[in-house]
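Now for the letters of each chain:
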Amino acid sequence: MLNEFFLLIRDLVCQWGLIMRDISLHLMDIMQNSIRAQATEINVMLIADREKDELTVEIRDNGIGMDESLLNQVRDPFVTTRTTRKVGLGIPMLEASAERAGGKLDIKSQKSKGTTVVATFKISHIDRLPLGNIAETIMNIIAANKEIDISLHLSNKQEEFNFSISEIKKYLDGVPIDNIDVLIWIKDYINDGVKTIFGGVLNEVPG
Amino acid sequence: MKSLAELEAIRKKAQEQISVREGNERMRIVVGMATCGIAAGARPVMNAFLEELKKRNINDVKVTMTGCIGACRLEPIVDVIDSNGKKVTYVKMTPEKAARVVAEHIVNGRVCVDYTIGAEENK
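Protein chains in written order, with the numbering used here: chain A, 256 to 462; chain B, 2 to 124.
Calculated from the structure, these hints are not laboratory results. Hints may contain errors.
[As the list claims (entries may be wrong)] The calculated lysine to aspartate or glutamate pairs, modelled on EDC-like cross-linking and capped at a C-alpha distance of 20 Å, are:
#: 1; chain 1: A; residue 1: K401; chain 2: A; residue 2: E296
#: 2; chain 1: B; residue 1: K3; chain 2: A; residue 2: D447
#: 3; chain 1: A; residue 1: K425; chain 2: B; residue 2: E7
#: 4; chain 1: A; residue 1: K424; chain 2: B; residue 2: E7
#: 5; chain 1: B; residue 1: K13; chain 2: A; residue 2: D447
#: 6; chain 1: B; residue 1: K3; chain 2: A; residue 2: E415
#: 7; chain 1: B; residue 1: K14; chain 2: A; residue 2: D428
#: 8; chain 1: B; residue 1: K13; chain 2: A; residue 2: E422
#: 9; chain 1: A; residue 1: K424; chain 2: B; residue 2: E9
#: 10; chain 1: B; residue 1: K63; chain 2: A; residue 2: D433
#: 11; chain 1: B; residue 1: K55; chain 2: A; residue 2: D436
#: 12; chain 1: B; residue 1: K56; chain 2: A; residue 2: D433
#: 13; chain 1: B; residue 1: K3; chain 2: A; residue 2: D436
Work out the full structure, taking the sequences as your base and the hints as a guide.
Here it is in structure tokens:
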């Protein structure tokens, strides 16, 4: 019964307008959890498998992690918002978005090792959220967190695109990664990657 | 396609400028980027600030983000803080408003009073 009540509240919250319009906004939100968990590395993977009709979004960090009792509670907005602000509504909302699109959410975490969040979506599902602007999410996170090593892996099972701050820094020779010209270049670079990998694979990305 | 050669050119340009502006942060723009802010449209606002600063070639202003300050109904919320620590809080921001804040507040030093939290609360 408690579970039903929780599902009701979750849906209410989503209907009240506090809702993420696309996957890139969910990504922004989940990456903020990693930052609050003091991660120094965040790896983001987006894999579109047309054969399986499945889009996988994985966010892996090396932050403080969660013990089992907190891990068991993160899907419940009541408990999490009351006892800790580390996770809040972001995880329940992502879970709702995944489940609405025939997918699911999986979280693995180990205290002081890090946390991995994996959301799957059925690509062709009518309620699947569009990808949104992945490049803008990554660029904004970098702008405000220049000390975090962020990497991005995009794949459509045939081609790959890889981006990592540590690679880019080799070209910068001491110029800060949050230099505005560098940031805008990063955004355009990732946008090219998204178009190359997901164009024609995800309907909303022009091929 | 964006190339690494372009990144090299950016690096060279930046290295020429660095000596002039080193350690010189004139202002700081802080965008609220918790779940409430993101859902209300904070990311396009932050993006607009960055794009606008680039367009005007302003590189002594830093754009960064913070968590939830507890006024979720007023999100997206943006603080503009000058080098003396004086803070102006803008609420219910949009990319269009961000462009005006850069033009008037950041460039010309005139606060956009009608977007501030004070103006919102006196409505």
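Consistency of the hints with the structure:
A C-alpha spacing of about 11 Å is found between A:K401 and A:E296, which places the hinted pair at or below 20 Å, so the restraint holds. Of the pairs offered as hints, the one joining B:K3 and A:D447 holds, with about 7 Å between alpha carbons and a cut-off of 20 Å not exceeded. Between A:K425 and B:E7, the direct Cα distance comes to roughly 14 Å. Compliance with the 20 Å bound is thereby established for this hinted pair. With a C-alpha separation of about 14 Å, the suggested pairing of A:K424 with B:E7 holds against the 20 Å cut-off.
At most 20 Å may separate the alpha-carbon atoms for a hinted pair to count; B:K13 and A:D447 exceed this at roughly 23 Å. Distance check on the hinted pair: B:K3 and A:E415 sit about 16 Å apart at the alpha-carbon level, within 20 Å; holds. With a C-alpha separation of about 12 Å, the suggested pairing of B:K14 with A:D428 holds against the 20 Å cut-off. Proximity of B:K13 to A:E422 is assessed by CA-CA distance (about 17 Å); at most 20 Å being required, the pair is judged to hold.
At roughly 11 Å between alpha-carbon atoms, A:K424 and B:E9 fall within 20 Å of each other, so this suggested pair holds. The straight-line distance between the Cα atoms of B:K63 and A:D433 is roughly 8 Å, inside the 20 Å bound, and the hint therefore holds. With a CA separation close to 7 Å, the supplied pair B:K55 and A:D436 stays within the 20 Å bound. Using a Cα cut-off of 20 Å, the hinted pair B:K56 and A:D433 holds, with the two alpha carbons roughly 16 Å apart.
Distance hint between B:K3 and A:D436 is fulfilled; the C-alpha atoms sit about 13 Å from each other, no more than 20 Å.
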